[in-house]
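Peer 1: Make a model of the complete structure from these sequences and hints.
One letter stands for each residue in the lines below.
There are 2 protein chains.
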Amino acid sequence: MPGIQAVAELAGVSTATVSRALSGKPNVSQKTRDAVLAAAAELGYVVSSNASSLATGRTRNIGVVVPFLTRWFYASVLEGAESTLRNHGYDLTLYNLAGGGDERRSVFEHFLLNKRVDAVIAISLELTGGELQGLLSMHKPVVGVGGPLPGVHTLSIDDVEVAQLATEHLLQLGHTSIAHIGGNDDFERDFHLPTNRRIGYEGALESRGIPVNPSLFRAADFTIEGGYAAAKQLLGSPRERPTAIFAASDEMAIGAILAARDMGLHVPDDVSVVGIDDHELSEFFGLTTVAQFPQLQGRMAAELLLDQLHPETRTQGALNTALPFELMVRSSTARPSSGRG
Amino acid sequence: MPGIQAVAELAGVSTATVSRALSGKPNVSQKTRDAVLAAAAELGYVVSSNASSLATGRTRNIGVVVPFLTRWFYASVLEGAESTLRNHGYDLTLYNLAGGGDERRSVFEHFLLNKRVDAVIAISLELTGGELQGLLSMHKPVVGVGGPLPGVHTLSIDDVEVAQLATEHLLQLGHTSIAHIGGNDDFERDFHLPTNRRIGYEGALESRGIPVNPSLFRAADFTIEGGYAAAKQLLGSPRERPTAIFAASDEMAIGAILAARDMGLHVPDDVSVVGIDDHELSEFFGLTTVAQFPQLQGRMAAELLLDQLHPETRTQGALNTALPFELMVRSSTARPSSGRG
DNA sequence: GTGAAAGCGCTAACAG
DNA sequence: CTGTTAGCGCTTTCAC
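Protein chains in written order, with my numbering: chain A, 1 to 341; chain B, 1 to 341.
Since the hints were derived computationally from the structure, they do not count as laboratory data.
Check the hints yourself; a few may be wrong.
Put simply, identical chains are the same to the list, so a pair is met inside one copy or across any two.
[What the hints assert, rightly or not] Okay, derived cross-link-like pairs now, SDA-like style, lysine to any residue, Cα gap no bigger than 25 angstroms in a straight line:
{"hint": "1", "residue 1": "K140", "residue 2": "I4"}
{"hint": "2", "residue 1": "K140", "residue 2": "A6"}
{"hint": "3", "residue 1": "K31", "residue 2": "G44"}
{"hint": "4", "residue 1": "K25", "residue 2": "G236"}
{"hint": "5", "residue 1": "K140", "residue 2": "L43"}
{"hint": "6", "residue 1": "K140", "residue 2": "E42"}
{"hint": "7", "residue 1": "K31", "residue 2": "L113"}
{"hint": "8", "residue 1": "K140", "residue 2": "R330"}
{"hint": "9", "residue 1": "K25", "residue 2": "D262"}
{"hint": "10", "residue 1": "K140", "residue 2": "E202"}
Peer 2: Below you can see the structure in the form of structure tokens.
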């Protein structure tokens with residue numbers, strides 16, 4: 001494991017010059033630079049990032065905190081962030097909060113407890129004032145994904161808008177009896193996502209003069225299983241079986257499709273289903289959905305952060321950036337069949 | 001951002017004592033230790049892991065390389081590793097190879113290029129001689145999950161055995177016409193997993209004197225979609241429709257269940273289906289499967305590594321540890337119905 | 001354009 | 001049990 005000294009000796013220059021040459025600093029003659037590069041290559045020299053970090057105060061390592069790892073959505077955001085960061089020469093250290101309980105505190109103390117990261121990306125996590133304070137007081141830029149965070153750059157999708165779009169698609173097809181499978185309270189912490197989507201849904205109905213029917217709402221846990229159970233309730237109602245279901249996530253929407261099938265109902269003839277996400281399984285199920293592009297979200301978060309880390313390139317923008325979304329119409333939605341109510 | 005010096009002054013001791021007290025070293029009087037702890041708390045002092053790493057040569061950070069992030073299986077292994085590492089005070093830096101192409105080389109050069117990690121966990125990755133060499137020559141312990149790696153501690157499941165168990169379950173129920181949906185060549189790199197599972201399947205058949213019928217085999221890509229397509233082929237055969245399908249993964253098995261349903265076949269009455277993994281969706285689909293416990297695998301890998309990092313506690317074991325697996329019988333398998341062949 | 005030297009913040013002998 | 005003193009391996013003024 002040769003050090004910078006060894007390279008310096010081999011190249012016949014000082015360690016200072018080696019450092020300059022290797023980090024692409026301007027004040028080095030081409031000739032010297034070549035010699036240093038050759039020497040470094042010959043010895044297989046690699047800088048010690050610790051030593052370098054200690055000297056510069058920057059680690060080229062950023063922390064990413066996620067609430068779950070095994071859900072497709074979060075894994076995708078993470079994937080987007082990881083590849084972008086690595087392409088820029090940054091490492092990513094991962095903190096997963098899924099364990100619950102003390103995990104969270106331990107993670108945030110970890111962050112503060114070791115200045116190993118230059119910055120933090122928080123995915124779908126509503127940081128507390130204290131957590132944010134801690135990070136910012138150590139001059140660690142923070143970027144949030146999923147909702148607004150006071151005083152921090154964030155990226156988020158307009159959940160109200162997205163839900164409205166999904167519902168409008170159903171309305172435009174002619175549905176008037178539209179059920180909604182929303183998120184339950186456990187997910188409210190996460191920027192009130194269930195409430196926002198429900199607001200969008202209700203708003204769309206009301207703007208068409210359709211009264212909101214509370215019995216057409218069910219809360220679930222964003223899983224296929226949860227969506228399945230909720231849909232069974234909804235579709236089993238003998239009196240007011242809806243002709244369409246808008247689920248707050250694709251996984252729940254897929255659960256709804258499976259529930260319909262199990263009840264002998266045909267999608268979309270008997271019931272239309274629309275979700276949100278564009279989950280990897282959605283195409284397979286022919287699910288109409290509002291796509292949000294999690295990998296892109298991860299990438300954008302990483303880029304936003306890198307921007308902040310390199311003020312010379314800084315492109316100062318608004319504090320909260322709106323994320324793109326798009327209605328993907330597939331085969332799970334159609335006009336309500338005339339044969340039924 | 002107070003340094004160790006500030007704490008030393010406040011506590012009225014030397015920096016060496018602060019260091020000792022804070023890292024729980026034995027030679028410190030209780031009284032002094034308390035004073036130091038108090039001072040550190042008062043100042044909100046946190047060690048600089050860089051400085052510490054530089055001085056000790058150890059980073060308390062370990063690198064984890066995964067081939068994919070968005071597949072439930074890998075995410076689960078990662079989750080297991082992350083939580084146990086963090087519980088032991090280690091950070092995890094993540095390297096995802098899903099991008100393909102140059103990613104892999106860049107990652108391994110990264111590892112060698114910065115001594116930021118103390119060790120590496122490679123998940124379902126058959127490292128090349130060069131990659132291994134590089135790591136080991138820098139004295140970085142490596143633990144592999146998923147298959148044997150020369151000269152390195154590894155954890156792996158006995159794929160032949162697992163496949164045999166799944167197939168035997170079907171045989172014991174009385175099936176004789178058992179199809180197999182295996183993995184395609186893209187997954188061979190990964191410790192020949194498809195081949196091994198196929199060997200187990202064929203071995204089980206042969207030991208019962210049932211000839212292997214090549215037309216009852218289909219290769220797919222481990223996804224629901226792939227399993228669906230393969231199963232359609234298998235079940236659509238007018239002459240030799242199998243009474244059971246053994247899929248090399250739960251996702252493919254779920255695809256098979258959905259295919260059967262779409263063809264109007266009933267599971268398990270018309271066709272039994274068994275998979276491998278115990279995927280998070282398997283219970284929902286009532287899928288009989290051979291569970292392998294990915295989170296546990298991650299945890300065990302982390303523990304094995306920590307063992308190697310702390311030789312004082314070292315429990316030297318075999319180079320390759322067998323991972324547990326277990327048949328979970330649910331409702332997708334039953335005796336072949338007497339009404340059919 | 002290049003070298004000398006002073007740290008970055010901590011830990012680990014070595015004394016005492 | 002505690003303090004002194006070297007570094008760990010690099011970067012960065014400041015001179016030349």
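Peer 1: So, for every hint listed, does it hold in this structure?
Peer 2: A quick look at each hint next to the structure:
1. K140 to I4: between (29 angstroms within a copy, 21 angstroms between copies)
2. K140 to A6: The answer is between: 22 angstroms across copies meets 25 angstroms, while 35 angstroms in one copy does not.
3. K31 to G44: within (20 angstroms within a copy, 49 angstroms between copies)
4. K25 to G236: neither (70 angstroms within a copy, 66 angstroms between copies)
5. K140 to L43: between (36 angstroms within a copy, 19 angstroms between copies)
6. K140 to E42: between (37 angstroms within a copy, 21 angstroms between copies)
7. K31 to L113: Between copies only: 24 angstroms across chains, 44 angstroms inside a chain, cut-off 25 angstroms.
8. K140 to R330: neither (43 angstroms within a copy, 50 angstroms between copies)
9. K25 to D262: Neither: 66 angstroms inside a copy, 63 angstroms across copies.
10. K140 to E202: Neither: 40 angstroms inside a copy, 57 angstroms across copies.
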